Amino acid sequence: MHFPITSSPHLQGGNAIRSVMGQVLLALVPGTVALWWYFGWGVVINVALAGVTAVAAEWLVLKLRKRDPWPAVSDLSALVTAWLLALALPPLLPWWQTLVGSLFAIVLVKQLFGGIGFNPFNPAMAAYAFLLISFPADMTHWLQPSVLTGENLPLQETLQAIFQGTAVLGAQWDAISGATPLDHMRTELSRNLMISEIRQSPVWGDFGGLGWEWVGNWFLLGGLFLIWRGVISWRIPVSMLAALLLIAGMFWAVDPQTHPFPAFHLFSGAAILGAFFIATDPVSASTTPRGQLIYGALIGLLVFAIRTWGGYPDAVAFAVLLMNMAAPTIDHYTQPRVFGAREEDHG
Amino acid sequence: MADIEYRRITLDGLWHNNQALVALLGLCPLMAVTNTLVNGLGLGLATTAVLLMSNLSVSGIRHWVRAEVRLPVFVMIIASFVTAVELLMNAYFHELYKILGIFIPLIVTNCAIIGRAEAFASRNPISASAVDALSIGVGFTLVLSVLGGLREFIGQGTLFAGAPLLFGDIASSWELSLGEEYPGVLLAILPPGAFIGLGFLIALKNIIDKRLSSRAVEVTAATAPAGAPS
Numbered sequence: 001m002h003f004p005i006t007s008s009p010h011l012q013g014g015n016a017i018r019s020v021m022g023q024v025l026l027a028l029v030p031g032t033v034a035l036w037w038y039f040g041w042g043v044v045i046n047v048a049l050a051g052v053t054a055v056a057a058e059w060l061v062l063k064l065r066k067r068d069p070w071p072a073v074s075d076l077s078a079l080v081t082a083w084l085l086a087l088a089l090p091p092l093l094p095w096w097q098t099l100v101g102s103l104f105a106i107v108l109v110k111q112l113f114g115g116i117g118f119n120p121f122n123p124a125m126a127a128y129a130f131l132l133i134s135f136p137a138d139m140t141h142w143l144q145p146s147v148l149t150g151e152n153l154p155l156q157e158t159l160q161a162i163f164q165g166t167a168v169l170g171a172q173w174d175a176i177s178g179a180t181p182l183d184h185m186r187t188e189l190s191r192n193l194m195i196s197e198i199r200q201s202p203v204w205g206d207f208g209g210l211g212w213e214w215v216g217n218w219f220l221l222g223g224l225f226l227i228w229r230g231v232i233s234w235r236i237p238v239s240m241l242a243a244l245l246l247i248a249g250m251f252w253a254v255d256p257q258t259h260p261f262p263a264f265h266l267f268s269g270a271a272i273l274g275a276f277f278i279a280t281d282p283v284s285a286s287t288t289p290r291g292q293l294i295y296g297a298l299i300g301l302l303v304f305a306i307r308t309w310g311g312y313p314d315a316v317a318f319a320v321l322l323m324n325m326a327a328p329t330i331d332h333y334t335q336p337r338v339f340g341a342r343e344e345d346h347g
Numbered sequence: 001m002a003d004i005e006y007r008r009i010t011l012d013g014l015w016h017n018n019q020a021l022v023a024l025l026g027l028c029p030l031m032a033v034t035n036t037l038v039n040g041l042g043l044g045l046a047t048t049a050v051l052l053m054s055n056l057s058v059s060g061i062r063h064w065v066r067a068e069v070r071l072p073v074f075v076m077i078i079a080s081f082v083t084a085v086e087l088l089m090n091a092y093f094h095e096l097y098k099i100l101g102i103f104i105p106l107i108v109t110n111c112a113i114i115g116r117a118e119a120f121a122s123r124n125p126i127s128a129s130a131v132d133a134l135s136i137g138v139g140f141t142l143v144l145s146v147l148g149g150l151r152e153f154i155g156q157g158t159l160f161a162g163a164p165l166l167f168g169d170i171a172s173s174w175e176l177s178l179g180e181e182y183p184g185v186l187l188a189i190l191p192p193g194a195f196i197g198l199g200f201l202i203a204l205k206n207i208i209d210k211r212l213s214s215r216a217v218e219v220t221a222a223t224a225p226a227g228a229p230s
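Sequences listed follow chains A and B, in order. When the first sequence is numbered by the working numbering, its final residue is 347 and no position is left out of the sequence of numbers. When the second sequence is numbered by the working numbering, its final residue is 230 and no position is left out of the sequence of numbers.
Hints were generated in silico from the structure; no laboratory data involved. Quick caveat: nothing in here was measured; it's all calculated off a predicted structure. Incorrect hints may have been included.
Calculated cross-link-like contacts (lysine-lysine; reagent style DSSO-like; alpha-carbon spacing at most 30 Å) [stated by the list, open to error]: (1) A/66 <-> B/210; (2) B/210 <-> A/63; (3) A/66 <-> B/205; (4) B/205 <-> A/63.
Construct all of the structure, not just a fragment, from the sequences and the given hints.
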């Protein structure tokens, strides 16, 4: 008689990574649709381009490493990386820059360090930083939201602009492109304008940039879904956004004419997307409960510091990358007490 | 016997103990000036010159310098030669001198130079020290040039830009270019590009070493049974 002996766990779920990544992708949909609504087809094309490149690159590298590519490719993690990267890119970025960025994320930042679970840095944000530093001119030209320009660019012209360069749009390009609200705010502040004067511009909505704040709301919805499903913990997003609000509020309270309203920071740029989807990356973020609170709060502070005194259009990518470096140290000092062990046992 | 010794010193300097790829010494100039091939080559040659002269002097006085004061003496010797090289470059390669700027005087802090003085020249005869300096210097220069060429090519799509600075007017037609259309990858020229590029060069060297050693194992495995008496 043969009794198979197996060690626990005896009940197995499906592919855990695939289900987590699938839910993240699902949670990204509302925000992505909102981006599409305000900025047109470029968003969708970027997601598709980056996604195909990332999956193909993952497959190729795993073949080169003589591993079975199917488990890693089918866990959807490359797709999540590519999707997050694509959301951070300007909608009309030339196609090859999206491609190079996606390759950089998967090949250099993820696979060269050992693939999923081993990358010390968030691949999407590392690739975003790489693109921003390498091609600053293209990376800082965003489209204006359609609520300002009347209507979005039709699909065909979007394709032309992405694949043949924005020069094909001619004079129209200048009319529909511009700096992001965050960039606009910083440029105007550096010209010594008062916030009340800057807010005269039609690009502003209630809190942040027109259109942008609603994109933030939809990402918030997706993020809350992830917390409800238990995919991410509330600690990193809450501590990051709270820290950002707190420090922005302090500066605003001291001098409201040179420091924007705290909610502006929340609903501009990638703060919401970053808090729920990027800073919570299970591989590169801090993993202990107390550590996650510290990690998130420091990202919030860094976001404010880099936005206020730095030179780049948004700070979330740099803040997350810097804190990725600190995460192992934070984890080391915030190990939870093992049940039954006394404090002095830890040394 | 002596030939084998020189051969080993040369191979060590160029490959097995390459100061940039294996010892990871002298990384500060390596990172800072290798944004074009010509800059890398220029600094590499200047470093080689200093290295050669400092190795010769240190080896020449090795019997008279007491161990307690050897480091200050080495530093004085290296600093003197760096000053001489700096003045010479200012006189004969003035444009290149202006581009390399602070990194010529900083050759004095290049750990590879004092490293060789301490580890090799202070214990070996003059001829061996000269061979060591040349091979270490050429190995370092090669890495500087390859990294510089790589970063220049990726970063701005050219090769040998500014060659006349080093080689005179005869080199003005050497520059290769991908044309105005090439958008340039700024990251490659900035410091992160140097770190990433050096990482790839080290990886490449390790791959080559691995291939060579596995081939050597195969060769011995294949020849051993044939050579053994049956």
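Tested hints:
no.: 1; hint: A/66 <-> B/210; result: holds, 17 Å
no.: 2; hint: B/210 <-> A/63; result: holds, 20 Å
no.: 3; hint: A/66 <-> B/205; result: holds, 21 Å
no.: 4; hint: B/205 <-> A/63; result: holds, 22 Å
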